[in-house]
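Generate coordinates for the entire structure from the input sequences, incorporating the hints supplied.
Sequences listed follow chains A and B, in order. Read in my numbering, the first sequence has 470 at position 74, and its numbers run on one by one without any break. Read in my numbering, the second sequence has 66 at position 61, and its numbers run on one by one without any break.
If a hint is listed, it holds; no wrong ones were tucked in.
Straight-line alpha carbon distances no greater than 30 Å define the calculated DSBU-like cross-link-like pairs of lysine-lysine that follow: (1) Lys451(A) with Lys42(B); (2) Lys61(B) with Lys47(B); (3) Lys414(A) with Lys453(A); (4) Lys47(B) with Lys399(A); (5) Lys409(A) with Lys449(A); (6) Lys453(A) with Lys42(B); (7) Lys111(B) with Lys409(A); (8) Lys111(B) with Lys451(A); (9) Lys453(A) with Lys73(B); (10) Lys47(B) with Lys414(A); (11) Lys466(A) with Lys399(A); (12) Lys399(A) with Lys451(A); (13) Lys47(B) with Lys451(A); (14) Lys466(A) with Lys47(B); (15) Lys399(A) with Lys42(B); (16) Lys466(A) with Lys451(A); (17) Lys399(A) with Lys111(B); (18) Lys111(B) with Lys453(A); (19) Lys76(B) with Lys453(A); (20) Lys47(B) with Lys449(A); (21) Lys47(B) with Lys453(A); (22) Lys73(B) with Lys111(B); (23) Lys467(A) with Lys399(A); (24) Lys409(A) with Lys47(B); (25) Lys47(B) with Lys467(A); (26) Lys61(B) with Lys76(B); (27) Lys42(B) with Lys467(A).
In short, the hints are calculated from the structure, not lab data. Predicted, not measured: the structure shown is a model, and the values here were computed from it.
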Amino acid sequence: DVKVTQSSRYLVKRTGEKVFLECVQDMDHENMFWYRQDPGLGLRLIYFSYDVKMKEKGDIPEGYSVSREKKERFSLILESASTNQTSMYLCASSLTVRANNEQFFGPGTRLTVL
Amino acid sequence: GESVGLHLPTLSVQEGDNSIINCAYSNSASDYFIWYKQESGKGPQFIIDIRSNMDKRQGQRVTVLLNKTVKHLSLQIAATQPGDSAVYFCAEFLRLPSGYALNFGKGTSLLVTP
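Listed below in structure tokens is the structure:
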């Protein structure tokens with residue numbers, strides 16, 4: 397079974413702090429994704445990586461950056477956390493860049509910014 | 006006061022009845038779709054997928070119907086069980102310059118009552 401893990405289930409940070417959310421997948425998948433999930437808005441893509449050191453912006457990249465130094469690990473960085481970044485963050489991975497590849501999701505990190 | 010857009014559409018069905026969850030997608034060029042189920046506290050899990058060259062696909066107790074003319078998907082769950090209570094998302098594949106990512110609907114909450 398594919399396993400996607402996220403470093404924290406719950407996180408509380410203060411406005412202005414730098415925040416790191418880590419995601420690891422164990423199936424040698426090429427693609428990794430970061431989404432945020434908000435009530436009434438569904439899942440929105442923040443960033444996407446199709447290879448080590450490669451990244452692409454999704455729908456809502458502002459206020460975020462990402463890092464993919466190793467194939468199995470994809471980090472989401474909030475350079476200066478703000479209250480409007482309070483959300484559920486979901487990481488996903490898929491095998492290749494083809495459209496018919498299922499994405500496997502981690503359990504999510506619920507981030508609260510005070 | 007109540008905030009607009011923060012409440013998911015909710016479908017309430019009795020145990021044993023059939024459920025139909027509907028979804029409208031946005032991109033007429035989308036050629037692959039997935040239904041995901043998300044239980045409380047967990048990440049989304051794949052249920053069933055369908056390509057645009059099909060109009061129906063069946064799985065175990067689930068059927069997905071695709072109407073490309075009106076850009077509409079539906080998920081039918083037969084003999085709904087309490088374990089089916091969850092939020093259901095449809096997703097279309099969104100083409101990015103270097104691959105694909107999922108464009109999610111806002112979700113429907115299914116509540117199964119005994």
